Every structure is written in C-alpha cells, then in structure tokens.
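Protein chains in written order, with the numbering used here: chain A, 1 to 488; chain B, 1 to 488.
A hint or two may mislead.
[Claimed, not checked] Restricting the straight-line Cα-Cα distance to at most 16 Å, the calculated cross-link-like pairs of lysine to aspartate or glutamate (EDC-like) are:
(1) B:Lys290 / A:Asp284
(2) B:Lys440 / B:Glu460
(3) B:Lys290 / A:Glu285
(4) A:Lys290 / B:Glu285
(5) A:Lys62 / A:Glu9
(6) A:Lys408 / A:Asp351
(7) B:Lys408 / B:Asp351
(8) B:Lys440 / A:Asp447
(9) A:Lys440 / B:Asp447
(10) A:Lys443 / B:Asp437
(11) B:Lys58 / B:Glu8
(12) A:Lys290 / B:Asp284
These are calculated hints, taken from the structure and not from any lab test. Keep in mind the model is a prediction, meaning the values are calculated, not measured.
The chain contents come next:
Number of protein chains: 2
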Amino acid sequence: MLSPSIREELIAIVGAKWFRDDTESLVSYSYDATPLYQSMPDGVIFPSSTEEVSAIMKVCAKHKIPVVTRGAGSNLCAGVVPLHGGIVLVMTRMNRLIEIDQDNLTATFQTGLNTKQFHMAVEDTGLFYPPDPSSMIICTMGGNIALGAGGLRGLKYGTTKDYVIGLEAVLANGDIIRTGGKLVKDVAGYDLTRLLVGSGGTLAVMTEATVKLVPKPAYRRAMLAIFSDLPASARAVSQIIANRITPCTLEFMDQATIKVVEAFAKIGLPVEAEAILAIEQDGDEAQVEKDLKLIEQVCLQAGAIQVKVAATPEEGAKVMEARRNALAALSRLRPTTILEDATVPRSKLADMVLEVQRIAAKYNVQICTFGHAGDGNLHPTAMTDARDEEEIHRVEQAFADIFDAAIKLGGTITGEHGVGHVKAPYLEWKVGATGIDIMKRLKAAFDPDGLLNPGKLFAETKKRIVFKQPEEAGAAEASAAAGEKEGV
Amino acid sequence: MLSPSIREELIAIVGAKWFRDDTESLVSYSYDATPLYQSMPDGVIFPSSTEEVSAIMKVCAKHKIPVVTRGAGSNLCAGVVPLHGGIVLVMTRMNRLIEIDQDNLTATFQTGLNTKQFHMAVEDTGLFYPPDPSSMIICTMGGNIALGAGGLRGLKYGTTKDYVIGLEAVLANGDIIRTGGKLVKDVAGYDLTRLLVGSGGTLAVMTEATVKLVPKPAYRRAMLAIFSDLPASARAVSQIIANRITPCTLEFMDQATIKVVEAFAKIGLPVEAEAILAIEQDGDEAQVEKDLKLIEQVCLQAGAIQVKVAATPEEGAKVMEARRNALAALSRLRPTTILEDATVPRSKLADMVLEVQRIAAKYNVQICTFGHAGDGNLHPTAMTDARDEEEIHRVEQAFADIFDAAIKLGGTITGEHGVGHVKAPYLEWKVGATGIDIMKRLKAAFDPDGLLNPGKLFAETKKRIVFKQPEEAGAAEASAAAGEKEGV
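One chain only, chain A, in its complex shape (with noise of 0.2 Å):
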C-alpha cells in the first residue's frame, strides 16, 4: 500500500486519471502471458514522457519502492509480474515514432510503440527492421528490447541485439542517459547501449530508442519441405547451411505441432510427416530463385519425402503465419501452455529434438516442439493444465531436465524469451557462479538499491523448482536451486 503523501506525489507528476490503484487496475496489471505467476502492485503509473518517469523514478527512490517497467505484457518469462509490489511503470502512451532518417538508415521512437505498427511504418518507406517477435501484432519496441527478443528472421538477420545502436534511459536514481546513437561505429567506453538491450527492466526504464534499419528486400518466397523422419529434416538445416545459404526463415515443426497447427489453421499442411521445414528467402528475385532451387535439391537429397514452393506470396505468406501462429494454436487443446525456447547450435537440433522427445515421455508429458531450426532456437511447448499441482509439477520436472540437456549440447535456458522470473533458477547453470557474482555486481552499480524489477534475473529464494536425481550429471548445482513451486 503506499501512503497518501506517495499517492499524491506520484499523482502531481502524471495527472489523476494517469495514476490507478483501484482493485481493477491492479489486478489487470498483476500478471502477464506468462501462466502460473500473479503478484498485485500497489499502484500503476502511465507517463507521457521522460521527464515524468524521471519524475516518477526520484519519488520511488526516495522512498525505495520497486518499479516494474511494462510494455505490453506478452512476455513468456514473468518478466513485468511485480513480485515485490511497488509501481507497474507502463509505457504504452510513450509511443511515438520519432523519426524515420533514411540518410542514415535508422529509426528513433519512443518505447511503447507497438511492434507491428512500427514495422509497417518502416516499410512504408522502402526500408525494414528484420527483428520479428511472434508477438509482434501486440508487444511493444521497449518490450523487445528490454528481452531481447529474437523472431524468425534470426539466422539471416539478428535479434533486437544486433539493431539497437542508441538509447534514451532513466535510471533508478531519476538521472537521464543518452547512450550511442545514429552511428554504426561508436567505441566511446562501455557499450551501454548493448547491455540495457535485453536487461529485462532491472538495470534502468528504456524511453527512447535508436536502431538500425535495411533496404526491404525486393522478393520473397517460401517453400515446406516435408520429411518422414527427423534426423533426416536436421540433416537439410546442416546441408542447407553447408551449401553457404543463408535463409531469412528456416523454421522447424515437429508432427505433434503440423497436427495442431493444421487443425486450427487448415492450409494443407502434411499431418503424417514427422517433421516439416518452413522455409523463406528474400532478397534479390533471381538470387531468390536460385537459393531455393538449390534448398529443394538439398532437401530433397538429405531425405525430404516432399518439397512444395509456394505458388504465390499469398500461399507462403500462410505458411509462415500458421507456423507464426503455433502457439496461438496449441493453447487450444488444454487449459495451460507453457512454451520455453532452450537454444542450442544448430547442429545439435537434431539431438535436442530428440533429447525432447525423450523427456516428454520419461514425465509423460504432451510436448510439442517447433521453432527457429536456422539458428538452433527451439520452444518445447507443453500443453497441461494449472490446476492440476501434480501434473504442473512433472511439467517442471520435464523443462528443468530439458534446460540441462540444452546446456550439456552447447546451449542457452533462453534464446529469446529472456531470463525473467521464471529462468532465474537456472541461470547459473548457463552463466556459472562466477557469471551470476559478476551479473549482481553489474545490478548492484546500476540500482544499488535493488528498486527495478525485483525478483527477475537472480532467484530469489530457491523457493521455486528444481527435481534432480543426485546421480545425474550437475547434481550439485540442481540441488543448490532445489525446493518448492511457490504458491501463487
């Protein structure tokens, strides 16, 4: 709760009708897409600009109260759940475009801006920012950044990392930083810039931001190529790859996944195949051509039962939507989906799917598995249900084992999603003691106190997860982070 005096101060800043903390408000803003996690704030705050959430953040450091910066909540690591109460900082109404430089080929807006309508506006002009989030129709700019968010565009073109070269930020004490900016080459101290993208709102409140952009590329054009077994469609994304072709999409589904999705989205896709690839190159129209003619011969040759090219734009443009939408379409068959993105090189895809596979059934389990095959990105996704405590609980079981089996392949706990709450428990095995030391350290000169986004990135408590058997590998480690969900 905070006290009338704090109320009225944080109200001086933004107006009455931009300050809430009725039972509504908060309850609306005490979770995000995330299952499982709710915490209630004790007040949510709506800045127009800047200065008011320098405003806000001097009244918050005054009187150390947590700030949980938000964009649009479709974050899938309960990154913007304000576990420690405190202000939910939502950014929506900073969400100006402010300026496409097409002499410099860069973008600046404001953090709120919708993803989607901040493509549009881009390719509007001739130009393109590859980074795109399957979310992208709802999240926000600021929320990309703020997670790293990753797409299907990965291999060919980066994540958000690879285009932010500027950034406006408030940091917890109120102070303003203006880090990089239009300049493709800037080694003026510390990169700034590339440590806020992806510090998922504990480290400062993104408001402003530079990226780069490209030329949009003339053409398109998808295909699917169908295979009856799964090492065999691994086998394509390494010739594919080996072949010195770098698609812009190379997506993978697994069968569980091509029923799912075709269900909900009817476009014929082969629902008896074992595993299909999605694939997409852009660019040139005759370069276009001849990678895909290629792309078909080496499916083909690594085993593919079939190859389809899209005829039209239209026809691939549905391919990619539907698998765009997967997610939408497997949280129709149970009440809970939980999606994660364990990442490994690409040439392990084939052994993590199966790594997956057998997982799922070890906990008996229903896991589907589909993802970014180009760049090793895959989201096991598990379709339960909430109220069910003892299945959740295998469900934990299962992902814990297959965040492990991603880190003894090579691999990362996130490859888009970002850490969050959820992940916290796992960092150490990615990053090690030393790593996690030297991250709370990097918080610790940021945010001395510990206000922004409290309960992210670092566990807490080691309250929630982990199953390990002693004798598996890492058992020391899984141990350490083991004990109860948290009720929530």
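Starting from the structure of chain A, add chain B where the hints point.
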C-alpha cells in the same frame, strides 16, 4: 620494480624464458603504435594458457600489481602503454586457432591469433570473417576484440562488436568466466560478451573467443568515383544509400590524402581531384554488376567528373590496398603522424570534412582526411613533429575542436580505435557525467582494485589537454577537462 619473491612467483608460472625484466624488454613494451606516449613496465610476461593467465592474475591481485594485456600493440589510443608500470601480459603465444565449425558457422581461437592469418584460414574453408582493420597484417584478434575494431567493411557487415558471440576471460581476481557460446540467440542474463568487447583490457583478460562467420561472397568488384568538389562526393554517398544499395566498402579520401597516397602507391589516382570515393561491392556476380551500374549512374548524377570501374579483380584490389595503406603513405611526410577517428552520422559526412578543413586552417596544422564514408567514420590525420612542442600543442587543440565538432553533429570521439589513454579526457563529452559515473561503477564491479590497465578510459588527473575558447559552446565541460599536456 618487482620484489624478488614476486618475480619468482611469476617465473614459477611461465618459466624463466617467458618472464622478462631486462631493460631491453621493458623498453620494448613501454609503448605502442600511438605517437607521444611511453611508460616503463616492471616486467613482461608471456603466458601460454588460460590457466597461466589465471595464475598470473592471482599473483598480481595478491600484490596489487597493475596488468596491461597486450596483443601486437598496433592500437592508436595508447591503449597498452603501461602508464602505472606493473606487468605487461603479452598474449601472442596464445595464438591457436582452435576450431572453424562449418556446421555452426563459428570460429573459436585464442586471442593472441593474428587477424590476417585468421582471415586466411577462414577464407580457405569458403567462409568469411568481415571485420578488417587496416592493421590486420600485424594486429591480433584479441586486440580487435578489446577495442571493438572496425575496418573498411563496416557499412555492410558491421564491426567486431557484431561478430563476437562467446568469450573466455580471466577476471582481476583470477577467476575464469565463459560467456555466450556457438549461439546466435542467447539472452541468458546480462550480455557480458558485448560488455567485454571494446572494454580495452580494463575489465578482464580475454583468453578465448568465438565469433560468427558468414558465407564468403562469390564475387567482388571495385570502382573509383572522382569529384572536383567535396559536397558532390558526400551527395553521392547519400544517394547510393537512398537507392537502397549497401556497398561492402565505401571509402573517402580528400585531395591531400589522394596526393600522398598516389606518391606512395603510384596507381594512377587523380591528384587534381578534390575528393574520391573508392567503392567495392561483393556478393552474387549478377547482383554486384547491377549494383555497380547503379552506383556509377548515381555518382555521375551527383557530380562525379569520372567513374572508373576496375577492369580486373587485381586492379580493384590495388585501389583498396592503396586506401588501406593511407596511414603508411601519410606517415612518410613528417616525423610524427597522428591519426584520429571522429565519427558522425553518415549524412553529416561533408559537414564534418569541411569542419576538419576549417579547424586545420585555424590552427595552421596539416590534416589529411580519409575514412569510411559509408559509416561516417573519418580519419583526420595530422602530419607533425613530436619534437616541436608548440606545433604539437596546436595539433592537440585542433583535435579537441574536431572531437567537439563531431559530437555537435551527433557523432562520437572514436568510431573504431577505442578510447585508451589518448581520448580518455574527451569521453565525458560523448557520454556525459552520468555516463562516466555508470562506467566507473561497471569498472569497479569487475576490477575493484583498479589493476586492469589503469589510466585508460577514464581521465585520471585531467592533466593532458585541452584548449577551448570560453565563448564557444560546451565551454563548461571543456574547461573542466582542461589543463596542460603531460610530458612523455
């Protein structure tokens, strides 16, 4: 001076052959490629493994001995001058190319590896590592990573920052950390990889790195566009970009540079031209030829008096080689050559070149300007004489004005050379007092005792530099950093 017991501890780690403190060795490692700076170390050590580096760091931490990590010493920012004495840690024995992973398109190597040798090994496999600093024949990959090196291909391909995806590093206390991996997507915690890239040896000793590779372009072709006036050349750069072409290289030379380079390389450069653009495109042959035709038209429309497309790859290579050797050519003119790399948004290129010319005239110093037009990264280069104190003072005044002008145009004090010691007094102009404060906190988080490369990045005593007219804008900041040149 190291005590006999410390000496013994260090020798016990590497063997007597690889620790040196004879005068000749100390003098050899008292300076780098930067004119005017020299300071004696107390010892020079050549580790052969990460474990040895770790052991050395533990000894230095225990006895609070400064450590300056060094590759080839080719930097231009006094980045590895041992200003506080201590140990110079020379990485050149740790030069093993560990792996080129053709499935994952990555390479992993020890950081003492020579850049040119690395390029050749990668290209032998049909892959490509784009960052190409002009010093690549002599520099090391570790140096490139420590300073975030750029090169001629930054416009299309980005710089070192964009390629490093994993690091092994030894912290100030001797702990070894590993960041990232063979992963294009990884958002597990703060991006330590990208924080260490460009940190100039002030945060950790980088021992191993993993970088992304791309397919090697099948074809490349160069051309030269000749201009009788400077603004026309800048217009051509803008128009190439406006036509959505991204050449791999887009280099600028002013008349003064053209004359000197031609006298050196004798390849038929037009010494009467006021500016030339050396342009190269790579990729699929048909696409390259199409792009070059369009670039030719654009240059002529923008006012080029002549456009020469290289008849053969050798002719093209010669043009690019001549540009790459601009520094060598310029350094023949006078005893001391000081090369800087003020960088501006691409659209401000002509403004910046004109500012450099105005400033050179104002202080009556000889400054040639060349650089990477495509990414706004200019190298104003002063030909002077270190023995003439009065002239050197004017050169320093001119460079201070040049940095100031770059920042006013939305640019930065260094695009690809790093801050090191030379530009430390100017860093605050770019990042502000709050930026400096945060960077100092980051430094303390990694290196609480300040043992790693002390005297770099942060101005210590504000003793060197800087002249400013009180009536000029930015005078307050400038005078805060003002003082006398340090005697070196």
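Right, here's what the structure says about each hint:
no.	hint	result
1	B:Lys290 / A:Asp284	11 Å, holds
2	B:Lys440 / B:Glu460	12 Å, holds
3	B:Lys290 / A:Glu285	13 Å, holds
4	A:Lys290 / B:Glu285	13 Å, holds
5	A:Lys62 / A:Glu9	11 Å, holds
6	A:Lys408 / A:Asp351	11 Å, holds
7	B:Lys408 / B:Asp351	11 Å, holds
8	B:Lys440 / A:Asp447	14 Å, holds
9	A:Lys440 / B:Asp447	14 Å, holds
10	A:Lys443 / B:Asp437	14 Å, holds
11	B:Lys58 / B:Glu8	14 Å, holds
12	A:Lys290 / B:Asp284	11 Å, holds
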